[in-house]
Structure formats: structure tokens, C-alpha cells
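Engineer: Sequence:
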Amino acid sequence: MGHPPLEFSDCYLDSPDFRERLKCYEQELERTNKFIKDVIKDGNALISAMRNYSSAVQKFSQTLQSFQFDFIGDTLTDDEINIAESFKEFAELLNEVENERMMMVHNASDLLIKPLENFRKEQIGFTKERKKKFEKDGERFYSLLDRHLHLSSKKKESQLQEADLQVDKERHNFFESSLDYVYQIQEVQESKKFNIVEPVLAFLHSLFISNSLTVELTQDFLPYKQQLQLSLQNTRNHFSSTREEMEELKKRMKEAPQTCKLPGQPTIEGYLYTQEKWALGISWVKYYCQYEKETKTFTMTPMDQKPGAKQQGPLDLTLKYCVRRKTESIDKRFCFDIETNERPGTITLQALSEANRRLWMEAMDGKEPIYHSPITKQEEMELNEVGFKFVRKCINIIETKGIKTEGLYRTVGSNIQVQKLLNAFFVFGT
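As numbered in the working numbering, residues 162 to 591 make up the sequence shown, in order.
Since the hints were derived computationally from the structure, they do not count as laboratory data. Treat the hints with care, since some could be wrong.
Claimed, not checked - In silico SDA-like pairs for lysine to any residue, Cα to Cα no more than 25 Å straight-line:
(1) Lys438 <-> Arg332
(2) Lys493 <-> Tyr303
(3) Lys415 <-> Glu503
(4) Lys198 <-> Ser270
(5) Lys315 <-> Arg332
What the hints assert, rightly or not - Label-pair ranges, simulated between beta-carbon atoms:
(6) Glu377 <-> Asp341: 48 to 54 Å
(7) Glu283 <-> Glu523: 53 to 59 Å
(8) Glu290 <-> Glu409: 21 to 27 Å
(9) Thr379 <-> Asp199: 24 to 30 Å
(10) Thr379 <-> His267: 26 to 32 Å
(11) Lys412 <-> Phe287: 44 to 50 Å
(12) Arg404 <-> Ser490: 48 to 54 Å
(13) Asp199 <-> Glu523: 31 to 37 Å
(14) Tyr482 <-> Arg404: 46 to 52 Å
None of these values were measured; they are calculated from a predicted model. A virtual CB, placed ideally from N, CA and C, is assigned to each residue, including glycine.
Go ahead and model the full structure; you've got the sequences and the hints to work with.
Structural biologist: Listed below in C-alpha cells is the structure:
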């Protein structure tokens, strides 16, 4: 079964889909680690327990046959097919000589145990260290980000700037940890194809040559051995070239993470906080949001970064308009309002930074809020002939049509009717 590709560009967004794909690679790494431990344990049992040699070979062959390589993508090359089928071939060969009396060569441990142990401790162990650093940096960044977004905009500008710098620093550290972790886990995923198979191949070759195998059995094994060695060499060569490309892509991602966008991705995506009003007050809930400009589809996925938390399904909305929230109208920074076809009223969103808010508003064709300035010129405040004409028309309308309107004779009733007229005007203008 092939894993979905793990891209460096996903590190910057840290989306739920990226975490799920990363979890698949981590599970595969644990499975590989367990498999290597089993091979090492069974290999040592084969070397030390000559009396139970036959049963040890059978167990070892079963262990090999039970393992299946998982590759990236849907199709496999001929070399990858050869590598994927290698352990099955080894197990069948072991079954043929199960009843033969064999003696292990003295260098069997050097051929099999040490390379696998080194690979497990150095490569897989180092990958686990990268994982711990990635999780630690991520927890520290999101914790700091939550505290940062709860800062009041009324604090001193110097305090806000210092807080912004601290968030940017932690975001950069977490981004680098994510890149290093993805790079390391991909390197292990690729290198295990030859680092696991080659020691087993060398061990088997020494095992069969050093014991009383028939010439016919040895000759039958040699063609496949040569074919597999060629596949391994081709895979190693491909790994070397792929590694250089990965390093170059990683370098480009460090320089400009937001420019490396793959085809088919949304116009913009990332984390936003949504203002939700309850009976007891207001709360801010974190969502992973995606916006597709062509269809004006705005997708909100509730997100809880705590381990083991149950994630809810996404909500698709159709955007009507977007406007930046006035700074003095809310005690939060980086806010903007949107209105959708599916929900009544406006939805207030909080971006992660001022630059992040600009990106969201540009993608949504957002507008700036309208500020109504008071009349300052004296001549504009005086009632001229046009004004008197307007007042006469209003009185005439009230005498002819408004006399039957309930409550119009009271000041409060008049205010209500004027407010309805203004609301109808602005709704029509929008």
C-alpha cells in the first residue's frame, strides 16, 4: 500500500491533513523499527542456537515473509518490485534448505546484526529525536500563539511589538523543526530500501555458502541475487539524486515558504480564530480554514491540537463579502468580518498576524471599513431652500400617508420609522 506524498510545503501550514499523513509515516517507521528488532532477535537466535537450527530458520523465514514494503505513489518501478518481493524470495529459499545441517560463519553478526542495529539506532533513533523536538517546538509555539492572540490591543505598542517578535521567532523555530523532521523521515523511508535488504542479502549469501548447500541450490540463487543487487544499486543511485533535490527544495522552502504552493490547493488556507457568542459570553474558537476564490467556498474545520482529541468535520460556506474590522470596535487584533449565504449575520474572524490578515483579505477581495466624518463646514449645517423643500415634502407625506401609521405621533415611533428607512436604504445599496 502506497503512502500519500509528504511535501515540504505542508510544513508551513501544518494542516490537519498534513498531520494525518505524517502519522502514517510515523506508524510505518514504528513498524519498520519493530521489524528490524525481530530480524536482529531472530538472527541472533539462529547464530547461537544450533540445536534448534531448523526451527530458528523457519521462524526467521516467516518473519521475512511477513514484512511488506510500502512505497510512495501508486505505481512501482521494476527495481522497487524486486526489492518488495525480496523477503518473500528469501523466505522461500530458506524453506528449501530447512532440513539441511548448516554452520553459521563467524562473521554472520557483522554482516546482519550490526548494520541493522546501526541503522535502527542511528537513523530511526535520530528520526525519533527529531519527532520529539518537532512536537515540543509545536506545543511551545501554539501555546505562545494562544496567549499572544489573547493580548489586548490596548497594551503599549512596545509590548505588542515584542510579543509579535517572540511569536515570529517561535514560528520560525517550529517551521525549521517541521522541515528537519519531514526531511529525516523521508530519508529513512528511502534509505531503508537498501539499508535493510542489503544486510539480509549478505547474511543469506554467507549462510548458504558456508554450509553444505548443493551447487545446484547455489546456482539457482545466483541469478536472483544478481538481479536484486542491480535493483539495490539502482535504488541507491536514485536515492542519491533524490536526496540532492530534497535538500534544494528544503532550502527554497526556508527562503520563501509561502511561494511554494502546489497546483490544486486552495487560494489560501491556515488557522483562524472565530468569535462565537454564547449565553454566558463570548469565546474564540480555533478553526483551520480554506478559501477557494473561484467558487467563493470558505471551509471551516474545528481544530484541537491536543493529542487524542476528536476532530469534527468541516463546514462549507459561500462567501458574500469581506470587510476589515475597525480597530476601535473590538478588543482584539487582526480581525475582519465576513458574511456568507448559509449563516445569518456576520462572522468575526481573527488572523494570526497583520500580514496574515492582509493575505486573507486580498484573497477574499476584502474591503476597508467606511468611516463617516462629521460635518465641519458652517454652510453645510445651515438649512437652505433645498432643505426647506425637503422638510415640506416630509410633512406632506406624513399628512397624506403617515397619519395611519401606528405610533408616529410619538418621538420614539418616529425614530423607529426613520431607522427602518435607513436600514432599507443601506441594505439596498449593499
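Engineer: Give a verdict on every hint.
Structural biologist: How the hints compare with the structure:
1. Straight-line distance between C-alpha atoms of Lys438 and Arg332 comes to about 29 Å, which puts the hinted pair past the 25 Å bound.
2. For a cut-off of 25 Å, the pair hint linking Lys493 to Tyr303 stands: about 18 Å separates their Cα positions.
3. Taking the CA atoms of Lys415 and Glu503, the gap is about 39 Å. The hint is violated against a cut of 25 Å.
4. The straight-line distance between the Cα atoms of Lys198 and Ser270 is roughly 14 Å, inside the 25 Å bound, and the hint therefore holds.
5. Note on Lys315 and Arg332: the hinted pairing holds, with a Cα-Cα distance of about 24 Å set against a maximum of 25 Å.
6. The supplied range of 48 to 54 Å is met by Glu377 and Asp341, whose beta-carbon atoms lie about 51 Å from each other.
7. Roughly 46 Å separates the CB atoms of Glu283 and Glu523, a value that falls outside the hinted 53 to 59 Å.
8. Glu290 and Glu409 have their C-beta atoms about 24 Å apart, which keeps the hinted 21 to 27 Å range intact.
9. Checked against the hint of 24 to 30 Å, the pair Thr379 and Asp199 passes, with Cβ atoms roughly 27 Å apart.
10. Taking the beta carbon of each, Thr379 and His267 are about 20 Å apart, not inside 26 to 32 Å as hinted.
11. Evaluation of the 44 to 50 Å hint for Lys412 and Phe287 yields a failure: the beta carbon distance comes to about 20 Å.
12. Distance hint check for Arg404 and Ser490: the Cβ-Cβ separation is about 53 Å, which falls inside the suggested range of 48 to 54 Å.
13. Distance hint check: the CB atoms of Asp199 and Glu523 are about 54 Å apart, inconsistent with the given range 31 to 37 Å.
14. A C-beta distance of roughly 48 Å is found between Tyr482 and Arg404, which places it inside the suggested range of 46 to 52 Å.
Of the numbered hints listed earlier, those contradicted by the structure are 1, 3, 7, 10, 11 and 13.
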